[in-house]
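In order, the protein sequences belong to chains V and R.
Residue numbers for the first sequence follow this note's numbering, beginning at 61 and rising by one.
Residue numbers for the second sequence follow this note's numbering, beginning at 61 and rising by one.
Read the hints as simulated data drawn from the structure, not as lab findings.
A virtual CB, placed ideally from N, CA and C, is assigned to each residue, including glycine.
Any given hint could turn out to be false.
Claimed, not checked - Estimated spans, in silico, between C-beta atoms of each pair:
hint, chain 1, residue 1, chain 2, residue 2, range
1, V, Trp204, R, Gln78, 42 to 52 Å
2, V, Ala89, R, Glu186, 40 to 50 Å
3, V, His76, R, Gln78, 26 to 36 Å
4, R, Gln78, V, Gly93, 29 to 39 Å
5, R, Arg228, V, Ala89, 51 to 61 Å
6, R, Ala147, V, Val244, 31 to 41 Å
7, R, Arg228, V, Leu85, 56 to 66 Å
8, V, Gln149, R, Glu222, 20 to 30 Å
9, V, Gln149, R, Ala104, 21 to 31 Å
10, R, Ile69, V, Lys209, 35 to 45 Å
11, R, Phe63, V, Ile229, 31 to 41 Å
Unchecked claim - Here chain R is said to cover these stretches of chain V; the calculated rule only asks that three of the stretch's residues, wherever they fall, bring their Cβ under 8 Å from a Cβ of chain R:
hint, stretch
12, 148-159
13, 164-177
14, 202-213
Stated by the list, open to error - Here are the computed lysine-lysine pairs in the DSS-like style, where the Cα-Cα straight-line distance is at most 27 Å:
hint, chain 1, residue 1, chain 2, residue 2
15, V, Lys158, V, Lys259
16, V, Lys205, R, Lys209
17, R, Lys259, R, Lys272
18, R, Lys272, V, Lys205
19, R, Lys259, R, Lys158
20, R, Lys272, R, Lys209
21, V, Lys209, R, Lys259
Spelled out from the first residue to the last, the chains are:
There are 2 protein chains.
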Amino acid sequence: MSFQNFFPIWDQLQPHQQRQLLDSLTFQAVKRGAIVRGGNADCAGLLLIRTGQLRALVYSEEGREITIYRLFDGDICLFCAPCVISAIQFDVTIQAEKDTEFWSIPSEVYQNLMAESAAVANYTNELMASRFSEVMNRMEQFMWKSMDKRVAAFLLQEASIEGTRELRITHEAIANHLGSHREVITRTLRDFQGAGMVKLSRGMVTILEPGKLEALGI
Amino acid sequence: MSFQNFFPIWDQLQPHQQRQLLDSLTFQAVKRGAIVRGGNADCAGLLLIRTGQLRALVYSEEGREITIYRLFDGDICLFCAPCVISAIQFDVTIQAEKDTEFWSIPSEVYQNLMAESAAVANYTNELMASRFSEVMNRMEQFMWKSMDKRVAAFLLQEASIEGTRELRITHEAIANHLGSHREVITRTLRDFQGAGMVKLSRGMVTILEPGKLEALGI
């Protein structure tokens, strides 16, 4: 599969725009754990993920983390290049959750395309609205849901992404997704284990009763 | 001042687009407290505020409220017509905080303009990014800041909007801005009063020491 197949509005570009885009691309690979873009960092380019998984996170002043959304195969990382839209006045950090391969589109090339093409500008609108929707959802969870509900929902989401109920994840990592502390997550998971919903072992959470977690997480 | 003066990219529209826009406008006025758009409601049109003040809020399942951003003279209420961007998958309620006059642009007219004009599409991008930035800021406050810091920041923002330190606002209203309960706000304000930062009277909070509130709110 080539860039042309991955870029959703390829057919709506004019030939000179397609050429400009292809000529400017670089293909890159990063390892799991790599910071693809730091907060307050440069604005090299938008990424189109060929394969892998990224997460967007924000930090508190004390260094706590929270995941605000995730990106998968075929997704575009717009906030990897927030400078393409000047009104974006916040910084997210983008980290690879898995080994990830992507095309990088230079910011100025993308900005030119947006200025020229209503199709590209409207597509960018839709992209931003998707991320906005995810952040609103995350915010509503954070504001109104208790920690046990949020942990339950997170475990089910992980199981769905990984396609297994045996999750290789530490309590620390769960805390960093949910903006919490390791101790709080450990206590919550032990309660779940006490209720027979999960089994805990070193670096691993096994879901035993997804139905019960789901009922809790709603 | 006419619509032409208020609409920021008027000069970037073509004559037929300008005419289409003007022909479709309606001018309306609502009273303070009115719900301009309910969550899950229709998608009649985008509003351009001539004069007044709106707030965008979300509700918890138990009916608690939180203000996620505010709009003032000259602002456009994009989320009054979320249907213009299909990837917007969340609902906000828009309420008038003051008597408000606005022009309403029908959704389908605006959608046509976006599809035709890269300028309108990119302007819409900037609008959405501004709201997104405000929501991110609000979310970070909610996630990482204690209630006393948030109340202090809110009082200072109110003073700045109203141009006075004598704020006509109930504890209930502050709770509804901050996603909290009246009792919590009353306790916090009494602590502030005990520290000499504010004076409380019926339906009123007077700021005595803005410097101290500011130091607290950071």
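The hints, checked one at a time:
no., hint, verdict
1, V/Trp204 <-> R/Gln78: 42 to 52 Å, "44 Å, holds"
2, V/Ala89 <-> R/Glu186: 40 to 50 Å, "33 Å, violated"
3, V/His76 <-> R/Gln78: 26 to 36 Å, "30 Å, holds"
4, R/Gln78 <-> V/Gly93: 29 to 39 Å, "53 Å, violated"
5, R/Arg228 <-> V/Ala89: 51 to 61 Å, "59 Å, holds"
6, R/Ala147 <-> V/Val244: 31 to 41 Å, "33 Å, holds"
7, R/Arg228 <-> V/Leu85: 56 to 66 Å, "58 Å, holds"
8, V/Gln149 <-> R/Glu222: 20 to 30 Å, "24 Å, holds"
9, V/Gln149 <-> R/Ala104: 21 to 31 Å, "29 Å, holds"
10, R/Ile69 <-> V/Lys209: 35 to 45 Å, "44 Å, holds"
11, R/Phe63 <-> V/Ile229: 31 to 41 Å, "54 Å, violated"
12, 148-159, "holds (count 3)"
13, 164-177, "holds (count 4)"
14, 202-213, "holds (count 3)"
15, V/Lys158 <-> V/Lys259, "24 Å, holds"
16, V/Lys205 <-> R/Lys209, "22 Å, holds"
17, R/Lys259 <-> R/Lys272, "14 Å, holds"
18, R/Lys272 <-> V/Lys205, "33 Å, violated"
19, R/Lys259 <-> R/Lys158, "24 Å, holds"
20, R/Lys272 <-> R/Lys209, "11 Å, holds"
21, V/Lys209 <-> R/Lys259, "40 Å, violated"
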